[in-house]
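There are 4 protein chains.
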Amino acid sequence: MLVVMKAQATPEEVQAVCDHITQLGFRAHPMPGAQRTAVGITGNQGQIDQGNLEELSGVAEVIAVSKPYKLVSRDLKEEDTVITFPGTNATIGGRDLAVIAGPCSIETREQAFAAAEQVAAAGAQFFRGGAYKPRTSPYAFQGLGEEALKIMVEIRERYGLRIVTEAIDTEALELVDHYADVIQIGARNMQNYSLLKAAGRKRKPVLLKRGLAATLEEFLMAAEYVMSEGNYQVILCERGIRTFADHTRNTLDLSIVPAVQRLSHLPIIVDPSHGTGKRNKVIPLARAAVAVGADGLIVEVHHAPDKALSDGAQSIYPEQFVQLMDECSQIATVLRRNIPHGIELTAGVKA
Amino acid sequence: MLVVMKAQATPEEVQAVCDHITQLGFRAHPMPGAQRTAVGITGNQGQIDQGNLEELSGVAEVIAVSKPYKLVSRDLKEEDTVITFPGTNATIGGRDLAVIAGPCSIETREQAFAAAEQVAAAGAQFFRGGAYKPRTSPYAFQGLGEEALKIMVEIRERYGLRIVTEAIDTEALELVDHYADVIQIGARNMQNYSLLKAAGRKRKPVLLKRGLAATLEEFLMAAEYVMSEGNYQVILCERGIRTFADHTRNTLDLSIVPAVQRLSHLPIIVDPSHGTGKRNKVIPLARAAVAVGADGLIVEVHHAPDKALSDGAQSIYPEQFVQLMDECSQIATVLRRNIPHGIELTAGVKA
Amino acid sequence: MLVVMKAQATPEEVQAVCDHITQLGFRAHPMPGAQRTAVGITGNQGQIDQGNLEELSGVAEVIAVSKPYKLVSRDLKEEDTVITFPGTNATIGGRDLAVIAGPCSIETREQAFAAAEQVAAAGAQFFRGGAYKPRTSPYAFQGLGEEALKIMVEIRERYGLRIVTEAIDTEALELVDHYADVIQIGARNMQNYSLLKAAGRKRKPVLLKRGLAATLEEFLMAAEYVMSEGNYQVILCERGIRTFADHTRNTLDLSIVPAVQRLSHLPIIVDPSHGTGKRNKVIPLARAAVAVGADGLIVEVHHAPDKALSDGAQSIYPEQFVQLMDECSQIATVLRRNIPHGIELTAGVKA
Amino acid sequence: MLVVMKAQATPEEVQAVCDHITQLGFRAHPMPGAQRTAVGITGNQGQIDQGNLEELSGVAEVIAVSKPYKLVSRDLKEEDTVITFPGTNATIGGRDLAVIAGPCSIETREQAFAAAEQVAAAGAQFFRGGAYKPRTSPYAFQGLGEEALKIMVEIRERYGLRIVTEAIDTEALELVDHYADVIQIGARNMQNYSLLKAAGRKRKPVLLKRGLAATLEEFLMAAEYVMSEGNYQVILCERGIRTFADHTRNTLDLSIVPAVQRLSHLPIIVDPSHGTGKRNKVIPLARAAVAVGADGLIVEVHHAPDKALSDGAQSIYPEQFVQLMDECSQIATVLRRNIPHGIELTAGVKA
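Chains as they are written, first to last, in full-length UniProt numbering: chain F, 1 to 351; chain B, 1 to 351; chain V, 1 to 351; chain C, 1 to 351.
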């Protein structure tokens, strides 16, 4: 259920509505919009009396939401969600596209800095690098853990790049939340509901990757899990689905970008690296992702992909990343969008 | 097996090689390239003696082709195949992108002309319209048949648009070959080998749609069936594959475009209408198809989609087609390609 | 629409109803049942007046059929369709299970007889063997054609086995209809509607294989195509669908057996050879097919699979076929069904 | 790498080999077999010197294992793993099939006891019931948690049934390990590696469900994660994969049963309830699962499925479960296997 406040409703009236909902044993999710605030109600303890809510001061109307997703829905919030990164000009979900780039795994300080320097020079605003790697084999390289997180903090200090990295469990989540700027939840964990709820209790933005066999509704419901705990900064990410097609590692489903944008106010970005699994297909699919209307890209870049400890075959060379940025910037312009060249730090705020 | 002729080999020498191959009981497929001619050898009657071939005058080398597709392969022909339409500036496979547009089915002369006028005005060079419709139900509208073909001939005469239409069986093939400019083989018939071979015996270009469950190799092998009969003008078309995803009718697999372009010299275009099945996703996916590097688009346009006898839900309005042409043209420019605005008839040649 | 006749309606009354329907421009399909006859009406020329039909003599009621399939449906015919083979005790669709066995392709007279002798000895009633092979490559062995059909006629004469073989196009259909007992339509042709309609104009039973990406509804609609032309003897066949799973060539979808049996009166059999593509999985999946309730099996048996010209990897040895028959017979008993041991020719009728 | 001990090797020699491996920084996994013990070596710290190992007393040979799974593989352990439940005659993986039955969720004490009484009477040895439910929606019933676990302990005390229930995260794992007999890891968590490793540190058997998009290799690697931590009692479970087919909720892939049995010594059971999602398909697919050679079944049974808080549509009625047990028992006999009728408690041991 959804309570739409009047345009002129005061913060106190919004608060009173939230308190009323809480007293009834439900959870209130106020979502300020350009025109007015809506308050989402969640909880599964039974039916709520719509009449009483409509009587409260400042309430315009009460709407039943029939879709299984509530907070994710454009019914609740018509405007696009724009995620900001205080102290910088970086955003995700607005007119500017977000480009997140870096190696699959942080392997050494040198390797990480080599990649970071080049992606920063090419204009990326975000740096990705795996500290905790979910690997098919228990005997494969599992990531450097906290050491990798500390290296990425140094990279943020040096280059200003905001840090995106995956939390594979609740333990890693605490550290990722402490060190990084965006908490990534991987495709294999898209329906790890305990992890989603734990991420929902953090206040850092969450980058949620689509599961390999997830329908659109399941994908949105996974985001709803995060939001239901009070963290409304969710970035969706298409990274390929599993099909019979064998010319790529996964089949990148770009049609989900406009599909998400119709139903939800959340930003959605695309991962052409995992989405294809092949270096020679990353640039074409990155261009296609921008052309389809994605809000950003997450791309694997490695200075020496042949020596990468993981995912070398799908990592592009730094010079390819320069080409990718150039071509994607031009395509963004056609859609009246923009890829900012590099991050700018706001005066007086530490990067 | 593949015979590469010397750069200075004469037409007589090429002919002599072909004759020799034919005498051995195989089939010779000469493929002229920018630098030199290669001659593909097909036939399954056993092994051929490589030494004798190498001794023939004008032969540079003889190469064994290990891939299952021979004539389709870039090994045989390095340059992109460019299909021309005599008497016009239209091409498929070169720097210019081909845009094929029109209604799913030809329903009436009026409906067909209404669509044709608008797609011609918006700059399309090719007109599509179903005369024979492969429908899931035997009780659904099956197309107007030859009557529809005649209407499309009138459209070609009026607007200059080249005609693309599907042949669903060998009987329809004769008529389509007679009236149309491009013979379309539909997705359901991608492995109807008798039809492929019959189309291979025609000399009109063949537009071959990928089957709903076809791998890249099966797709290329279907083209090989057409080419093995001597028709080398094949245009491949991605139109969506069947997956678990339910937010679109099919899942458009854009990654097959660069995959085909690596392996084959044949042009590949994209059908965002069948590929999504939803009107609101056609323009975004058309943009993405151009951005990924496709050689053209085939799009369903209907002046009154709600009244269409077939596929109304995925047909775009004429004004949307104008927008599509505009946005796709700009994206083509980024890739240093071009969408020509409308067809031009060469002086002295009847359209 | 469906006209249910009274239990005591006379053949003349049924005929009068059919004539009335025909005069209205529709097609009448009388389907005799155990209790009474129903008459299916097909044709897409618009609406029919239900009232007039109900007034006809002998009519019990007129029912609108909302499903897209009409003749295929149990709504039209409640009892299972049982296909008989005159002059023999063989049936498909009744209490007895049908076992169809033989090599993928007829390669030589000797090979065919070797396989036939062994499958006959093991108790099969039907012999399968490809005369026309739909192969992925145009350069692969395409079958012996009419010569293979003649060899199979000899096999029928010698062993009494009824002959099942594929028709890949309308030309082959004429010959298959002439020589064989069951016309097989392959998976790749499941939506080759021209071929389906041509098979519907024959009077031999049609074995229709499910397409690799066909939904249940599409599968039933393909059968409807055959039936809409007047051939009501259709046998459905599950042979595996295309999925991401790579431990088998296809994924055998046994759940479609009870799904078909709920909706349709047609028999459904299972092909564990194509369904798995691996010899060592044929027997377990054959057992499972019988246990799930299939009306029969079609199995590839070759006396020397390693030398087979096609599909050797999935062909079982004759001694494995003996084991298969033994185990499946026992499981059939659990379901109160029976696998007859060999074909019996009725006295006075030539095999 | 794999150290095969001589048949007459002493326990001390085996221990010495394990100690040597441990000193080298690897992990040793001794696996006693009928003839002799093999010791698996895991760890990713680089290469090991094969020569030194072969010199150790009691060592027959040292074998390099090329497959990505080591402990899961039949290379390491030729005999089937049989899991026993001390104090009872129940086993999983031997000649006897294991039948696990009960409601999707424990909703109330009464509902749980009603189901338990009936499945016990019908002969099941194991009781399933969800305490922690992974639900697509955060607002759906999430299970009673520890209260449900306590109810199931009462059920074990009353009926002797061994308890199988899912652990959705490491917190739930502690409680499930404390109260239940088998720890279930759900399909959505099949690649939740942190949870797999935590389950690997427990000593209760782990029932691992195949993920909706998991290949055979990924499935085995997930089991390898559990085993690599020292818990060798893993039961695999096929529960349907995600495909385009829409007549069932998932597509039950029975071919994975013989595929697993070739490669691995671990038992594999089948879940026809989730595998089909439809009550009317549970019994046929349960029969098929036994016929294909599965080592057991896990089935949802509810005394009033229409009122179930979760998965009612796929839960069978108790009387259907009686039929299932009867038919499956008969089919098991054909495969020379057995479904024991009910659990027996060994004298002197508390259930």
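A couple of the hints might just be wrong.
Identical copies look the same in the list; a pair holds intra-copy or inter-copy alike.
[To be verified] When the alpha-carbon atoms are kept at most 20 angstroms apart in a straight line, the in silico SDA-like pairs for lysine to any residue are as follows: (1) K6 <-> T37; (2) K197 <-> T170; (3) K6 <-> A28; (4) K197 <-> E174; (5) K197 <-> D177; (6) K307 <-> D49; (7) K202 <-> E171; (8) K197 <-> Y139; (9) K67 <-> F141; (10) K197 <-> Q142; (11) K197 <-> T136; (12) K6 <-> K202; (13) K150 <-> G51; (14) K202 <-> R27; (15) K197 <-> A140; (16) K197 <-> K307; (17) K202 <-> A28; (18) K150 <-> T84; (19) K278 <-> M31; (20) K197 <-> E171; (21) K204 <-> N89.
In case anyone wonders, no lab produced these hints; they're calculated from the structure.
Status of each hint after checking the structure:
1. Only within a single protomer do K6 and T37 lie at most 20 angstroms apart by alpha-carbon distance; the minimum there is 8 angstroms, versus 66 angstroms between protomers.
2. In this homomeric assembly, K197 and T170 come within 20 angstroms of each other (Cα to Cα) both inside a single copy, at 10 angstroms, and across copies, at 14 angstroms.
3. Taking the shortest Cα distances, K6 and A28 sit within 20 angstroms of each other inside one copy (17 angstroms), while across copies they are farther apart (64 angstroms).
4. When the C-alpha separation of K197 and E174 is checked against a cutoff of 20 angstroms, the pair qualifies both within a copy, at 13 angstroms, and between copies, at 19 angstroms.
5. With identical chains, the CA atoms of K197 and D177 are at most 20 angstroms apart within one copy only, with a shortest distance of 14 angstroms there and 23 angstroms across copies.
6. When the C-alpha separation of K307 and D49 is checked against a cutoff of 20 angstroms, the pair qualifies neither within a copy, at 62 angstroms, nor between copies, at 24 angstroms.
7. Taking the shortest Cα distances, K202 and E171 sit within 20 angstroms of each other both inside one copy (13 angstroms) and across copies (19 angstroms).
8. For the homomeric pair K197 and Y139, the shortest alpha-carbon distance between copies (12 angstroms) is at most 20 angstroms, but the shortest distance inside one copy (29 angstroms) is not.
9. Taking the shortest alpha-carbon separations for K67 and F141, only the inter-copy value of 17 angstroms comes in at or below 20 angstroms, while the best intra-copy value is 42 angstroms.
10. In this homomeric assembly, K197 and Q142 come within 20 angstroms of each other (Cα to Cα) only across copies, at 13 angstroms, whereas the closest approach inside a single copy is 24 angstroms.
11. Taking identical chains as interchangeable, the C-alpha atoms of K197 and T136 lie at most 20 angstroms apart only when they sit on different chains, with a minimum of 13 angstroms there against 24 angstroms within one chain.
12. Proximity of K6 and K202 under a CA criterion of 20 angstroms is satisfied in neither setting, with 30 angstroms inside one chain copy and 56 angstroms between copies.
13. Neither within a single protomer nor between protomers do K150 and G51 lie at most 20 angstroms apart by alpha-carbon distance, with minima of 53 angstroms and 41 angstroms respectively.
14. In the homo-oligomer, the alpha carbons of K202 and R27 lie at most 20 angstroms apart inside one protomer (17 angstroms), although the nearest pairing across protomers, at 37 angstroms, exceeds that limit.
15. In this assembly of identical chains, K197 and A140 lie within 20 angstroms of each other by CA distance solely across copies; the values are 14 angstroms between and 28 angstroms within a copy.
16. For a Cα distance limit of 20 angstroms, the shortest separation of K197 from K307 qualifies neither inside one copy, at 37 angstroms, nor across copies, at 28 angstroms.
17. In this assembly of identical chains, K202 and A28 lie within 20 angstroms of each other by CA distance solely inside one copy; the values are 17 angstroms within and 40 angstroms between copies.
18. In this homomeric assembly, K150 and T84 never come within 20 angstroms of each other (Cα to Cα): the closest approach is 23 angstroms inside a single copy and 47 angstroms across copies.
19. Taking the shortest Cα distances, K278 and M31 never come within 20 angstroms of each other, neither inside one copy (41 angstroms) nor across copies (31 angstroms).
20. In the homo-oligomer, the alpha carbons of K197 and E171 lie at most 20 angstroms apart both inside one protomer (13 angstroms) and across protomers (14 angstroms), since each shortest distance falls under that limit.
21. Only within a single protomer do K204 and N89 lie at most 20 angstroms apart by alpha-carbon distance; the minimum there is 17 angstroms, versus 53 angstroms between protomers.
Hint compliance for this structure: hints 6, 12, 13, 16, 18 and 19 are not met, and every other hint is.
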